[in-house]
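With the hints as constraints, model all of the structure from the sequences given.
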Amino acid sequence: MNTNNIYYLDKPGGNFTLKKEEIQSPKKGEILIKIRRTSVCQSDVVIYNHGLPRIKEWPTVVLHEVSGEVASVGEGVTKFSAGDIVGIGCDIPCGDRDCLYCGEEGTGDWTSCPNTWATGHEFPGFSRQYALLPDWFVDLGPIKKFPKEIDLDLACQLEPLACCLEGMTRVNNCIENRVVVLIGAGSQSTYALQAARAMGARKIIIINRGQQRLDRVLKDFGDEKTVGIIWDEDAIENVFRECKPFNEPHFVMINVPHESGYRLATRLVGYNTVLDAHAGVKGAQGKPVIKHELDLNNDVHYKLQCFQATHGSSMHGINLAHDLIANNKLPLLSKMTNESEKFKPNQLLEAIKRADDRDSLKIIINWD
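Numbering (numbering that gives the first Met the number 0), first residue to last: 0 to 367.
Among these hints, one or two may not hold up.
[Stated by the list, open to error] Here are the simulated EDC-like pairs of lysine to aspartate or glutamate, each with C-alpha atoms no more than 16 Å apart in a straight line:
#1 290 / 322
#2 78 / 138
#3 27 / 74
#4 334 / 358
#5 202 / 223
#6 341 / 358
#7 26 / 134
#8 55 / 121
#9 26 / 74
#10 202 / 175
#11 27 / 138
#12 334 / 150
#13 33 / 367
#14 334 / 222
#15 33 / 21
#16 334 / 219
#17 147 / 83
#18 343 / 367
#19 144 / 68
#20 341 / 367
In case anyone wonders, no lab produced these hints; they're calculated from the structure.
As structure tokens, then:
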């Protein structure tokens, strides 16, 4: 068979090196995926800039948002055939078929497993031309088939959209006919904006420090139910004013990895508000402590408040995202990427640096 072009990142802040390795044919239960598109997540930016404790060996193969084509299948594989177009999630089973979370009789809550795996972390990522997936990944993992005519640029966004939907659907009826506040105007808020519209939100309020990216999101994805607010000293007052006739938002999602986002979000929480801490705060020194005093009785119980956090995705989010993409329920999704955000595999470093720009939404790498 042909050789596999694999791009290894030598170290955080380092360089990508192309190595050509022999492509292994799939054994019993395995499938070989030809990578067609990868998109760049902010987690990839963090990994490049600072590294990640979960990555134990360098050089490493990064990137975890992917769409591809089944190149060949091993003996006994019936769920997939050569030529199938697939999207793959990042959070994957630990490989133990008896695991209470990840196994054949497990709950599917992979991020709760103490031995959880993720592509681009413990499992090699997709900065490579071909990927061989083991039998447990094929049987239990988040691999979804798309219609053959699907736009591959959209299919590779299965995983980040799934992460967003995990947070928006954990509590029933917190979006439909409700006021949704999104803190930050990056890619996750832009996914949430489109999903909230598809789910029937009454109003969507986006708060962002920078005017440039806020303007881009409002121009390309906004409508009469969407409001943008600059994050300044008047932001809280302006949000509450936009919530009228309600006194406060029903759903608040934190999509900025900074303590200031958490401080802002907690001040927006009112009666019957669901707060989703979607972006965790971490850096080169680890995860800082963010103290917050909460009255569990008068706030949580008597105000019906819900404080939750979501990161990563299970098959729940993957299935929801697949439905939205495969059935074109997010008709503006293609606007996530403009011409300045499209790259080739030999431009991986440029792609990650572009993803770190303040005006960028979704970087896509075309492997064809």
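Taking the hints in turn, this is what the structure says about them:
no., hint, result
1, 290 / 322, "violated, 38 Å"
2, 78 / 138, "holds, 8 Å"
3, 27 / 74, "holds, 4 Å"
4, 334 / 358, "holds, 13 Å"
5, 202 / 223, "holds, 9 Å"
6, 341 / 358, "holds, 14 Å"
7, 26 / 134, "holds, 9 Å"
8, 55 / 121, "holds, 8 Å"
9, 26 / 74, "holds, 7 Å"
10, 202 / 175, "holds, 10 Å"
11, 27 / 138, "holds, 12 Å"
12, 334 / 150, "holds, 13 Å"
13, 33 / 367, "holds, 10 Å"
14, 334 / 222, "holds, 15 Å"
15, 33 / 21, "holds, 14 Å"
16, 334 / 219, "holds, 7 Å"
17, 147 / 83, "holds, 7 Å"
18, 343 / 367, "holds, 9 Å"
19, 144 / 68, "holds, 9 Å"
20, 341 / 367, "holds, 13 Å"
Comparing the model with each numbered hint stated earlier shows that hint 1 is the single one that does not hold.
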